[in-house]
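Following the hints, put chains B and C in place on chain A, whose structure we already have.
Sequence order for the protein chains is A, B and C.
Residue 173 in the numbering used here is what sits at position 173 of the first sequence, and the numbering runs on without skipping anything.
Residue 276 in the numbering used here is what sits at position 276 of the second sequence, and the numbering runs on without skipping anything.
Residue 117 in the numbering used here is what sits at position 117 of the third sequence, and the numbering runs on without skipping anything.
Just so you know, nobody snuck in bad clues.
Identical copies look the same in the list; a pair holds intra-copy or inter-copy alike.
Each computed DSS-like pair below joins lysine-lysine, with the alpha-carbon atoms no more than 30 Å apart:
{"id": "1", "residue 1": "Lys312", "residue 2": "Lys44"}
{"id": "2", "residue 1": "Lys312", "residue 2": "Lys243"}
{"id": "3", "residue 1": "Lys312", "residue 2": "Lys291"}
{"id": "4", "residue 1": "Lys44", "residue 2": "Lys291"}
Because the hints were derived from the structure by calculation, they are not lab data.
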Amino acid sequence: MYSLAELADRFGLEFTGDANTGLTGLATLADAGPADLAFLANSKYLSQLDSTRAGAVILSQALVERCPVACLIADDPYVAFARISALYDKSPRPAAGAHPSASVSPQADVHPSASIGPNVVVEPGAVLAEGVILAAGVYVGHNSHLGAGTRVMPNAVIHHDVRLGERCVIHAQAVLGADGFGFAQGPEGWERVCQLGGVRLGDRVEIGAGTTVDRGTLGHTVIADGVIIDNQVQVGHNCRIGKNTAIAGCTGLAGSTIIGAGCTLAGGVGVVGHVEICDNVHVTGMTMVTKSITRAGSYSSGTPMTSTRDWKRNAVRFSQLDSIQRRLAAQESRGKNIDKG
Amino acid sequence: MYSLAELADRFGLEFTGDANTGLTGLATLADAGPADLAFLANSKYLSQLDSTRAGAVILSQALVERCPVACLIADDPYVAFARISALYDKSPRPAAGAHPSASVSPQADVHPSASIGPNVVVEPGAVLAEGVILAAGVYVGHNSHLGAGTRVMPNAVIHHDVRLGERCVIHAQAVLGADGFGFAQGPEGWERVCQLGGVRLGDRVEIGAGTTVDRGTLGHTVIADGVIIDNQVQVGHNCRIGKNTAIAGCTGLAGSTIIGAGCTLAGGVGVVGHVEICDNVHVTGMTMVTKSITRAGSYSSGTPMTSTRDWKRNAVRFSQLDSIQRRLAAQESRGKNIDKG
Amino acid sequence: MYSLAELADRFGLEFTGDANTGLTGLATLADAGPADLAFLANSKYLSQLDSTRAGAVILSQALVERCPVACLIADDPYVAFARISALYDKSPRPAAGAHPSASVSPQADVHPSASIGPNVVVEPGAVLAEGVILAAGVYVGHNSHLGAGTRVMPNAVIHHDVRLGERCVIHAQAVLGADGFGFAQGPEGWERVCQLGGVRLGDRVEIGAGTTVDRGTLGHTVIADGVIIDNQVQVGHNCRIGKNTAIAGCTGLAGSTIIGAGCTLAGGVGVVGHVEICDNVHVTGMTMVTKSITRAGSYSSGTPMTSTRDWKRNAVRFSQLDSIQRRLAAQESRGKNIDKG
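So here's chain A without its partners, still in its complex pose (with noise of 0.2 Å):
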């Protein structure tokens, strides 16, 4: 429990209301009771402040009369509201130490600190960092490398020479460093083309479960700092993804795609390959992009959603369109003929 001034000396934030108001928790505006501490980050959940039983919430200024509780007035209420709770976080964070199941190569090169939960594997030429957490059934492959404070959660693969940097979060089942998809159409079929690249991400870059990057072919596929990544996302081999850009689930990158910093791409989205999206540009969900990006803005493609009755009659005028528009353009000539008359 920590009390309102607590928290707003902890994080130099103003606060209105009883100083010693005791906050166990954290809530929605709608489900807050007298010990939660709410947040408004979203207008869209305005009217919810008038009638909120919250202890206390996060809030900007302009807001503070309105509310019917204490405050704590941020300029940011959201990035104030992320802050805090990392203090309410009860996930169990393991002790240092190696489990006694565990296998760790004595050519690898693993910091006191770090911990290395059961059934783990981490082979000879590794680098566990400072506080480095492997959880249970972890693989850490041949030199690869692991930052200080990254944390890889239960069953992940980190493939051979794969470089993490620091305080990275990598989600459980995501493999990091399989074969990209490169093959050559031999007289006999497919030949593979080995893969002979890794993979680098740089610091506080989070992949999400069962997210999947692919190593380079002969350099290296890059991720910057501070890129996030959803679950079930495809990363292919070479591809380079900018600072700070934001990847939401179900979205595939074919390979040697390059993205820029700053961009937000929505939910399953899909880039063809050896194409480039400059910086701070947003794709909306499910679009197809299928050529380079090279102005910032917001990029879609897609139909909208209706009853099947009514997409079926329009669906099949889709494929009718070349000729719509030639019959229109007949019409608009013969328009013009009647004029001339």
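Leaving out everything else, chains B and C in the frame of chain A:
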């Protein structure tokens, strides 16, 4: 092997033909031999009935006369087939007890009938009820509960504070309770919002191989009784999925999505965050659901597949649709003027 | 390190330049230094040839004159590059024998040359042929067979009754033989159809990281010789995929889909159930295949990406397409009446 009469008796069905017909296995109408039981549940395969060599066929009363071999008569032949299939299932079932390589916390509460495979990890506070089966390499986090008869397939990961009802099946590589994709945009980059909620599954929930269900931010991510989810589906944090809803492979639900009961989402569907789908909605494959659905029925988006040559001709016109509509309106207006003229 | 003459000799190629040129690695035309071998297989990179600093370049006869450095001359430079890449592959290969932490059933048939990594589980009746490699954490179920030279990467799961031919590669976290998504709608909810079939893979099949191939319902799910499948692909129960077909990442095949030989499915494609695609079909990225394809060729669906502002304007018209076509037809009919006068 079961005789025709035995099967009829066990499943409360009528039959025609020789009661002693021995049936050693199940097969399709086309492939079945004299010792196989086949079924006819889809009129598409009706023509195969005439020439089947099966020992017996599960079908509806209306088709008995047409059937050249013995019959098992069912109101719903596919349901009867489903139930009978369990009798012929030879998939291995492990014995009770823990494999010596498992790491089971003494602070876990494990029913003696539970089966715990090689390299399984069960953390403190976890509860495994009667008949739970954990296959090799499964991870069960702190304070997670698995109800009676629930089975978890190899290498699946169940994080802390995840509760499953009875008779659930969690397939290989699935992840329940990874952190949701919650980040605030701070002055230096993305700041993590700790995900303090858990995951709650009802009874008889099926989670496919490689499917990921994120934990809630403040409350829980909730999946109701009888929900079936296929492989490689992504369920974002704070989602709620209603009773008996079915979700096919490769579908992605963004965060805080609410889906009603009795819905069916076909494969590859994407649902944006913070929308609500009411009960009894069907969404066709690869549809992009970008807004709430408030009436039961079937919904779709997308365009029909054609040859790439035709597609290119038509797709380019999609980007001119608004101008096509304006040109058409101009023609209509000109037409009216001529009429008046 | 290999000399130019050695490489030419090993791979049956002609060369120009100094036979003793030492080549220590492979690199792109742009990145290569004097000890690197580069290649030119795509005319897009032709301009890089003029300024390359590579020690030698693999290219076709026609480009020898233009090349400023030594040449390795190949009919198909990309195939030659693929073969030579194996020579420079330094990815770790484990020794024969089983790691002490592996759980290998005495009822499994394991060739002495097989390599079994830490925490691997091999169930009774499994067969591992000569030179099979199972990396850490792999599970091989009852009665599954792995042909000579087949390799399985960390934490992949091979369920019971799955058979793989020779020289297959199964990447990390892949799942072969999970239950197909088969349920009958019973009076109380979904009833499981037990999946009694298995999975059959031919020789030289490649299965990407996180890819799932479900077992068949009655017969088997079948993948023919030489098929290559990328990461995060879902193959439903009872599918059959023909020889040398290639499937790129994030593609989903619903159940009972049949795909011919020599096909290429680009990334993010979805194929509905119970359809058949003939030989030598190419499907472009993110296409929704909703019906059978009976003629070889290239197929597509979807709409082109534009700025979100333009997209919104055009997408709203998609839902009016049928009415636009009717309005156009009315104009045409009016036009004819005017002509008739």
